[in-house]
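Asks: In case you want the letters, here they are:
There are 6 protein chains.
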Amino acid sequence: MKILLINSNTTEHMTKTVTANAQKVASSDTQIVGMTAKHGPATVEGHVDALIAASATVELIAQHEADFDAFIIACGVDPGLFPARELTSKPVVGIGESAMLMACSLAYRFAILTPQQRLVEVLRHQVHQYGLISRLTAIYPVALSVAAVAQDQNAAIPAFLEAAQRAIAEGAGAIMLGGASSSGMDKALQLQLGVPILDGTACAVLMAESLVRLGLGTANRGAFAPPEPNKRTVGIPAAYQRWYDLN
Amino acid sequence: MKILLINSNTTEHMTKTVTANAQKVASSDTQIVGMTAKHGPATVEGHVDALIAASATVELIAQHEADFDAFIIACGVDPGLFPARELTSKPVVGIGESAMLMACSLAYRFAILTPQQRLVEVLRHQVHQYGLISRLTAIYPVALSVAAVAQDQNAAIPAFLEAAQRAIAEGAGAIMLGGASSSGMDKALQLQLGVPILDGTACAVLMAESLVRLGLGTANRGAFAPPEPNKRTVGIPAAYQRWYDLN
Amino acid sequence: MKILLINSNTTEHMTKTVTANAQKVASSDTQIVGMTAKHGPATVEGHVDALIAASATVELIAQHEADFDAFIIACGVDPGLFPARELTSKPVVGIGESAMLMACSLAYRFAILTPQQRLVEVLRHQVHQYGLISRLTAIYPVALSVAAVAQDQNAAIPAFLEAAQRAIAEGAGAIMLGGASSSGMDKALQLQLGVPILDGTACAVLMAESLVRLGLGTANRGAFAPPEPNKRTVGIPAAYQRWYDLN
Amino acid sequence: MKILLINSNTTEHMTKTVTANAQKVASSDTQIVGMTAKHGPATVEGHVDALIAASATVELIAQHEADFDAFIIACGVDPGLFPARELTSKPVVGIGESAMLMACSLAYRFAILTPQQRLVEVLRHQVHQYGLISRLTAIYPVALSVAAVAQDQNAAIPAFLEAAQRAIAEGAGAIMLGGASSSGMDKALQLQLGVPILDGTACAVLMAESLVRLGLGTANRGAFAPPEPNKRTVGIPAAYQRWYDLN
Amino acid sequence: MKILLINSNTTEHMTKTVTANAQKVASSDTQIVGMTAKHGPATVEGHVDALIAASATVELIAQHEADFDAFIIACGVDPGLFPARELTSKPVVGIGESAMLMACSLAYRFAILTPQQRLVEVLRHQVHQYGLISRLTAIYPVALSVAAVAQDQNAAIPAFLEAAQRAIAEGAGAIMLGGASSSGMDKALQLQLGVPILDGTACAVLMAESLVRLGLGTANRGAFAPPEPNKRTVGIPAAYQRWYDLN
Amino acid sequence: MKILLINSNTTEHMTKTVTANAQKVASSDTQIVGMTAKHGPATVEGHVDALIAASATVELIAQHEADFDAFIIACGVDPGLFPARELTSKPVVGIGESAMLMACSLAYRFAILTPQQRLVEVLRHQVHQYGLISRLTAIYPVALSVAAVAQDQNAAIPAFLEAAQRAIAEGAGAIMLGGASSSGMDKALQLQLGVPILDGTACAVLMAESLVRLGLGTANRGAFAPPEPNKRTVGIPAAYQRWYDLN
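Chains as they are written, first to last, in our numbering: chain W, 1 to 247; chain H, 1001 to 1247; chain P, 2001 to 2247; chain L, 3001 to 3247; chain S, 4001 to 4247; chain F, 5001 to 5247.
What the hints contain is simulated information worked out from the structure, not anything from laboratory work.
Take these hints with a grain of salt, some might be off.
[To be verified] Pairs of lysine-lysine residues, derived as DSBU-like cross-links and limited to a Cα-Cα distance of at most 30 Å, are as follows: (1) F:Lys-5016 <-> F:Lys-5002; (2) W:Lys-16 <-> W:Lys-187; (3) H:Lys-1187 <-> P:Lys-2002; (4) S:Lys-4231 <-> L:Lys-3002; (5) P:Lys-2024 <-> P:Lys-2231; (6) L:Lys-3016 <-> P:Lys-2231.
One chain only, chain W, in its complex shape (with noise of 0.2 Å):
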């Protein structure tokens, strides 16, 4: 099985690093190719950063589709999630929403960690979006910049910890992970909590195998029919005129 992984934030080394993390909880068959969103902002946190990296993602996947048997969208706030479902009826999935979902197979309701205050309201609409807002306890941000969590994760245990103690004295189950820099945290804060803690990259290579496996695809009705073929367009990124110019 051939996943693609798309870093919807374009940094190189980020894309290195989840593309291993990814390739590390993979089947032994399952082969992770990660790229890299070809323009937008180092980090996504965000609606415009999520806007620019949604473009740039679903052109990957647009440009990729038959060569792949699933994707993966490596970005917390799912960027370009619902488009790229309507491009292929193989399996799309973004880390926020895998982790969620999986979430929701351990305990009544999660809370999400993330270090940027920024982030808390953005995450909520994410959640609300995907119906699942009963599931959800409430979303705590962690006291340190995202520089200081991304340079040293091991500094940022004691916050991420007093972030999750107080999640879980707030009804909390389950706890997941909602930004890039503090993937990899999860096996120490598990250890520590004794609640299960949510890597959202190792639940979105986790579901996209599942569903592979089963050969399970992409709703083509409802919500995400593909856009109707052959209807005018002007400029769009060649990657999706096969969608649309099918004459």
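Got chain W; can you put chains H, P, L, S and F on it based on the hints?
Replies: Relative to the frame of chain W, chains H, P, L, S and F by itself:
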């Protein structure tokens, strides 16, 4: 007051019509400047369409942010509405959202009519995203092709009346026209049905004017806080750079 | 355009202030006529208050229905909003509802501040009734008596800023002033907080003007259908009789 | 125990019937005193009707508050229920609310039948307001005029059976009769349908008796806190004055 | 009237107390027969506890279905409530559900107090399951062990008062005691707090009596339809056999 | 990896089929051990069925907790899912929940088909309990007896296609088969319908494998915290004793 109206569909003649309609309902001291999305599909009917259109729409808003008092996204699914709001503290309104909010001032529950069966679930997701599901009765597809509606609105009236009458019988107090092709049919339908028929473009003009006149602008905290400045980016459209490259 | 603004509180000087404020934001060709509820409490702060105020408010609307183009209920809990809508096919707006709907155009989630602890749960019920709970963060009581606010708004600013800052820290992107006593404090607060502060009266004027200019009126089907004519009645206020006694 | 039952409809003979029905289901030591609203429409079928009826209803409760142990508002849309609750720490129940709450003890989802098409959306709003939408399947209009039902309940049975059978087929486990005209048809329908049929008046009597016997009264904190005393008022009904003029 | 009250906790002396309390609030012609679950934990505080208790509870109801007019499940999380309802067309009520439904007659939003931190999320799931989340403010753990409460209720009063006062300050109008250990503390708390305190057992007795007196029984359609007869079974408790083995 | 699959229905040959199907989709290094509930009905179709089945299911999980890496409850209504989760920190998944969660990765809204009219409301309650109502379009009964489906799946195809086509026309993007009798029909239906058809057993196997491979286990805080140890119990199944009798 100067309002930039962006037709997210790449159809020049539609821009002319919509801008003229918008100018007609605007105050005498309001100037509506219409612009057409520089790239994208002729008509927006799904998530990929909307993503491409959102990029084109938000780029135009970013580019002209300083020159206008408010911005209208003239496309029923409001492409780029949330990202655009991060880029300005001036009002940004979508014709879909404005029609829904005004409908809530006129009726307890409203219905949406669309000539595009394909849009039914997309619009439902949009209403859910806005948190307005309890104010919606249902979304009714009109049994006509979009092309047929666009070519001869008069001939389309009976099909719209039929769908509207079903909507009213099933509880709707107001009806929103969900597609650009039906723009301009509101008065004729309203006359025959005796319930308010909401045309999104008209609603958006008045909503934008109202916010400007009240000195109210988009929130720059919460979910619509502006992008973090000085973030490293790759190949983002020039229009966005002044938000990112502040040094 | 002539708009009847009804102060549902029986406080004449408040009517003068509110009408003046309303006229200030109205278009030059709009005439705002202020009237004070003929009976009821000085200020509306609960369900009984609101019931008495609603009777007085709706009677005035009924009595003057033919003479105005739209109606504003100038009281935060919108007394009589739904009944008034049954009596006219012209727009009827409440300052509470208008502020909430406009807030939805500016922020994903809004907060409400009120100097009346007693109103917190009443306002929450109102937001629930309008189906907008998912757009609300919370309702914050300001630690001041209503009288104190009314007597010296400048002295009240610090207490409002404190509550507003807590609201913003907890996710609100826009803030609505929920009580008449704080009307007029919006600009000063907005300047210091950098988030949109919504004053209900101003919002209602613009919403009413917008609906009139668009030829949109209250639904006469669904939940707001007019009373059945020719129904036997006992001692109903004279103002209502033309809806009931049609023969 | 003395319970004041107020028929919010100004129809004396209906008061007699309803009071007799109420007395029939009451405990032997309970005295039901029926009173008819002093003013208002013969039958309550919308928001204006309900507002006028609410005034008359709440005034009667205010006037006789000291003399009874509990209060029943005998009208399906529960006019004045929330305001009345502010005026007393004794139980106040509505026949609509009581039937819904008891239905929740018998079935997971219930339906409402009403001979008044006009009431369908009004009742839906009421269920939403009570937070019980997830327990409702739907509201079914019965294809008969209210007058026809009132005149000959036996002749109306087939139409009710038809609507009820549709309700059951669509998931309802219990059925609530939403209109006063159908009061008394519950036993006949229940016999033929084999599902519980809830008559609001009966439910309200038992709910009121239960609360009294348990020493439970209306909350005087939260949304139903009593009016602020010593507030300046203008021309409010004499009945209310003891709540306002405490000095 | 004969009501079977089942203590789902296997604690004989608790059964005696609860039955006595139930008899105290029951009508003089009602006989409450208390039975203790034949197997299960001493106190029910989670899903496994509840499953074991549900089996024991439903078996007792099945066994004695013919001999009683109604059934009370005397355990806050209502173990076996929905299955029991399939087995009888007589009323089956739970003390948790009854208290919540009655609270809805007294306050717009209620809170729940429990001495068991462990139960907070379990109770929240229960409220969600009943569709009543919008009527709940929050669930407050009382800072005391269950044992401490059970041993000396008087000594526990201050801790309950503290939690209740927080609940009231945060919007609750009524307070429900969520655990059996606090049964009987309602009157003392109510006296000091001035808000209704709901004791589940008392509520359930009155709800059950009410339903019986009204001739209302559990729905045998919808979610609570009886088991399919003549289904092949293996080793099911003898008590159930008459529902399955009809030939 | 060793997974214990429990058929909550006491039908041995079904266990064989389901286990074989499960093994077919499992990884080569996963061993699926099928066990049949020791007591209970042949097929689970309601709350009593589910309660008896839940006891049998949870007992088997408790008994074999130490010997497996994960547990699958192979019955559409997921009997015992929440209690089982309290007894282990290993993953426990239900075929109903797993199919719903995976459907959320493929479509915005899904439908459920069931040959059992009786199950429609039971399944709806289940979806509500999981907080996923906004992702559900509707539940469609297939006009066939369960026996008919079980005996000849090929002959049942047309009836399923008809229900599925209605579901798709009404907005569903993915379809879940809600009953064990239709297990195995997914591929044939998917081929003809062009939308993803989810078979619960297959979904559960992949979900369980995924969680195990990720080192994620059931939350032992929040709603699924383990039972309090050393609690006095009476006659509980031996399987549970090691959770209760820790001394």
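Asks: State for each hint whether it applies.
Replies: Here is what the structure says about each hint:
1. This hinted pair checks out: F:Lys-5016 and F:Lys-5002 have alpha carbons roughly 17 Å apart, not beyond 30 Å.
2. Pair hint W:Lys-16 plus W:Lys-187 holds up; C-alpha atoms about 20 Å apart against a cutoff of 30 Å.
3. With a C-alpha separation of about 22 Å, the suggested pair H:Lys-1187 and P:Lys-2002 falls inside the 30 Å cut-off, and the hint holds.
4. In summary, the hint linking S:Lys-4231 to L:Lys-3002 is not supported, as the alpha carbons are separated by about 52 Å, beyond the 30 Å threshold.
5. Between P:Lys-2024 and P:Lys-2231 the CA atoms are separated by roughly 42 Å; this puts the pair beyond 30 Å, and the hint is violated.
6. Taking the CA atoms of L:Lys-3016 and P:Lys-2231, the gap is about 20 Å. The hint holds against a cut of 30 Å.
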